[in-house]
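A.B. asks: Sequence:
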Amino acid sequence: MHKVRFADKTFLPSKIICVGRNYAAHIAELNNETPTNMVLFAKPNSAITDSLNSEHLGETLHYETELCFLVKNKQLAAVGLGLDLTKRDLQSKLKEKGLPWERAKAFNGSALFTEFVAVNSNLHYQFSLKIDDKDTQLGDTKLMLHNAEQILTEISEFMDLEDGDIIMTGTPEGVGKVVANSTFVVTLMDGQQALLSHQWQAL
Numbered sequence: 001m002h003k004v005r006f007a008d009k010t011f012l013p014s015k016i017i018c019v020g021r022n023y024a025a026h027i028a029e030l031n032n033e034t035p036t037n038m039v040l041f042a043k044p045n046s047a048i049t050d051s052l053n054s055e056h057l058g059e060t061l062h063y064e065t066e067l068c069f070l071v072k073n074k075q076l077a078a079v080g081l082g083l084d085l086t087k088r089d090l091q092s093k094l095k096e097k098g099l100p101w102e103r104a105k106a107f108n109g110s111a112l113f114t115e116f117v118a119v120n121s122n123l124h125y126q127f128s129l130k131i132d133d134k135d136t137q138l139g140d141t142k143l144m145l146h147n148a149e150q151i152l153t154e155i156s157e158f159m160d161l162e163d164g165d166i167i168m169t170g171t172p173e174g175v176g177k178v179v180a181n182s183t184f185v186v187t188l189m190d191g192q193q194a195l196l197s198h199q200w201q202a203l
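Numbering (this note's numbering), first residue to last: 1 to 203.
These aren't lab readings, by the way, just hints derived from the structure by calculation. Even glycine gets a Cβ: it sits at the ideal position worked out from N, Cα and C. Please note that the accuracy of each hint is not assured.
Computed Cβ-Cβ distance ranges for the label pairs, DEER-style [what the hints assert, rightly or not]:
no., residue 1, residue 2, range
1, Gly98, Lys72, 29 to 39 Å
2, Asn181, Thr141, 24 to 34 Å
3, Leu123, Met159, 18 to 28 Å
4, Leu196, Gln75, 12 to 22 Å
5, His56, Ser121, 30 to 40 Å
6, Asn181, Asp135, 13 to 23 Å
7, Thr183, His56, 30 to 40 Å
8, Leu143, Thr36, 16 to 26 Å
9, Lys97, Ser121, 40 to 50 Å
Can you make the complete structure from the sequences, with help from the hints?
C.D. replies: Here it is, written out as structure tokens:
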């Protein structure tokens, strides 16, 4: 079972709940329709890894940088960043057939996380991804179609969230293929203050 860290403690997420299509620019770049209702899907604990792989079972992986919240006592207790790895070609085929996304989203090694830090009072954050020192993705909670509290409320209406469970809130524009040997650096900001930074080397 895979764990994550917050405040020098480890938590064992039973599940990861992900929000799809939560940034208008990302919806546009993938030529998707803006959903009427919040798009939610799940990843199991086995999706969590520390290794950023460029492929899985011979299929190319795409990165999506996301603001993530760790749940404790049914509340958003901590914030960090994550990479939602996706088999984009497979996902497109599944969407065309109206089938679930799990084969393209919930496979082993499809979720990477930084450490988590305590949330601020307003839940407003900015984040970035640089690949080989090039600005690649920029996110801001003000650009999210559904904010963190709305997401928590909607999930809690039909599912119990346990201590350590993680909510991934969607990705901004700028997604693309993971290229082996490239360096990924993510940074979480609260205004002008950097809260955390993390680096992965793609395999």
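A.B. asks: Confirm or reject the claim that Asn181 and Thr141 have a C-beta distance inside 24 to 34 Å.
C.D. replies: holds (32 Å)
A.B. asks: Tell me if the beta carbons of Gly98 and Lys72 are separated by a distance inside 29 to 39 Å.
C.D. replies: For Gly98 and Lys72 the Cβ distance comes to about 36 Å; the hint holds.
A.B. asks: Does the hinted range 12 to 22 Å hold for Leu196 and Gln75 at CB?
C.D. replies: holds (20 Å)
A.B. asks: Go ahead and decide if the range 16 to 26 Å is satisfied by the Cβ distance of Leu143 to Thr36.
C.D. replies: holds (19 Å)
A.B. asks: Range first: 40 to 50 Å. Now tell me if the beta carbons of Lys97 and Ser121 are that far apart.
C.D. replies: Taking Cβ atoms as reference, Lys97 and Ser121 lie about 44 Å apart, which means the hint holds.
A.B. asks: Could one say that the CB atoms of Asn181 and Asp135 fall in the range 13 to 23 Å?
C.D. replies: holds (19 Å)
A.B. asks: Do His56 and Ser121 keep their Cβ atoms within the hinted range of 30 to 40 Å?
C.D. replies: holds (39 Å)
A.B. asks: Within 30 to 40 Å: is that where the Cβ-Cβ distance between Thr183 and His56 falls?
C.D. replies: violated (20 Å)
A.B. asks: The hint says 18 to 28 Å between Leu123 and Met159; measuring C-beta to C-beta, is that right?
C.D. replies: Holds, since Leu123 and Met159 (Cβ atoms, about 20 Å apart) stay within the stated range.
Hint 7 from the list above is the single one not met by this structure.
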